[in-house]
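Visitor: Put together the whole structure using the sequences plus the hints.
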Amino acid sequence: MNKEKSLFTNVFAVAFLIIIGFSIYKVAVSKDNGINLLDKNKVENRVAYRYVNKNVLDENSTYKFGGQAEDSAANIVTSIVADYRLFDTTLEVIVLFISIMGFSMVMPKEKELIKPSSSIIKHWSPILIVFMVMTGFYMFINGHLSPGGGFPAGAILSTAVLLGFLSKTKVPSQKTFKYIEALSGILIFLMGIIAYVINGSFFYNFLEGGRIGNILSGGIIPIFYSLVAFKVASELSSVFYDFYQEGEDYELN
Amino acid sequence: MLYAASILSIIMVLAAIWVVLTPNLLQAIIIFALVSLVASALFLFMQAPDVAITEAAIGAGMSTAIFIFSYKRIYKTK
Amino acid sequence: MSLTNLFLISSASLIFVGLYGVLTKKNIVRILLSLNIIETGINLLLVAFGYVEGGIAPIITSSESIANLTKMVDPVPQALVLTSIVIGLGTTAFALGLTINYYKNLGTVSISKEEEEKINE
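Residue numbers (our numbering), protein chains in the order written: chain A, 1 to 253; chain B, 1 to 78; chain C, 1 to 121.
If you're looking for bench data, these hints aren't it; they were derived computationally from the structure. Incorrect hints may have been included.
[Stated by the list, open to error] A partial selection of chain A residues facing chain B, derived with a Cβ cut-off under 10 Å:
| id | residue |
| --- | --- |
| 1 | T78 |
| 2 | V81 |
| 3 | Y84 |
| 4 | S146 |
| 5 | A155 |
| 6 | S158 |
Values in this document were obtained by computation on a predicted structure and should not be read as measured data. Ideal Cβ placement from N, Cα and C applies to all residues, glycine included.
Guide: Below is the structure:
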């Protein structure tokens, strides 16, 4: 039984590799439109050359505030992170997900309860939590108009959860945070696949960009930043539940 | 502008030397939050407001909190 | 000295201070603290490479920002450092989880076998 199974696996693996090698060979030597893999590539065909020689400052350019543009977000760093290099940002979100998952697996499972907090935290924490959540929501909604974005918004939201956790106000349990994180991750990749179905390349900006300076500008950039903010906030919040045990009452010692 | 940036840089490097050389571990963790705060101010001098907000929220907030939680978990009788 | 040279020298000296801490200390939590100082120094160095003398922040706020487009600082290193800071936090959390497990199994947080760590207050 073991010998039959390993023979089948070996034959299947060799056939799979032969199919992939054949496809790469066909792409390398075909003579259709585009650039061949085995050509001596000219400098004028590279993407970097085209971007370096682009000029928006001559007389007949129409780049102005309140007009249309190639990528119409007013914050240039946002348009690099969330439109020109969206692939790198998605893979970094995957790296963060794997490291937090490893942290949950490695921590030992015996936990203590939190000691009771002082009266200053107990009385002022509901007001402070409201202000912190409002700041976090403002920061990812206006990510393409002013400094900020999805990543610091996630950190600020998780600090609000930490304050609620230390002062025993009602915060969602760990299971809720895991569900929110999984849902945001699935929606990020679903957005990439929808862009592939509509227009032919993965993570293409398929909504129309408005005018520079409006709040509804930049295509899919506000949607993407909201998903990233929720994912980062729920990941960093579920770290605290592995240190201390949640519960209603506490013991005095 | 040059004087303000140079005073902040000297404070940051001296605080980093203090973190490495002190024998008290709880003191080292709290001075590390000071290093992160001054680095966030230096990011603002380099005209990078996005990076300054991110470094202030994560370096001085979350990282110090996780270090103190694990310190209390390890040295639990004191 | 100019402002660019000041930023480069201060970031490089932060990296060297952290490197000294990683090489000579014996407590695992202190080694992780020095590793975090090295990461802060590297992020400062990356953003300092894109600084232009007399530059302004790369955000378009009104019509006169379009007239000053050549004086903006480089936005590509800032975009790379933005995600690098968040991932540094993730790896620090993972390393601290491993340290707590190490303490539970062996009873000490020191990497040398002869001496135990004296707990100061």
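Visitor: Please go over all the hints and tell whether each is borne out by the structure.
Guide: Now the hints, each set against the structure:
no.: 1; hint: T78; in the structure: 8 Å, holds
no.: 2; hint: V81; in the structure: 9 Å, holds
no.: 3; hint: Y84; in the structure: 15 Å, violated
no.: 4; hint: S146; in the structure: 8 Å, holds
no.: 5; hint: A155; in the structure: 4 Å, holds
no.: 6; hint: S158; in the structure: 7 Å, holds
The structure is inconsistent with hint 3 alone, although it conforms to all the rest.
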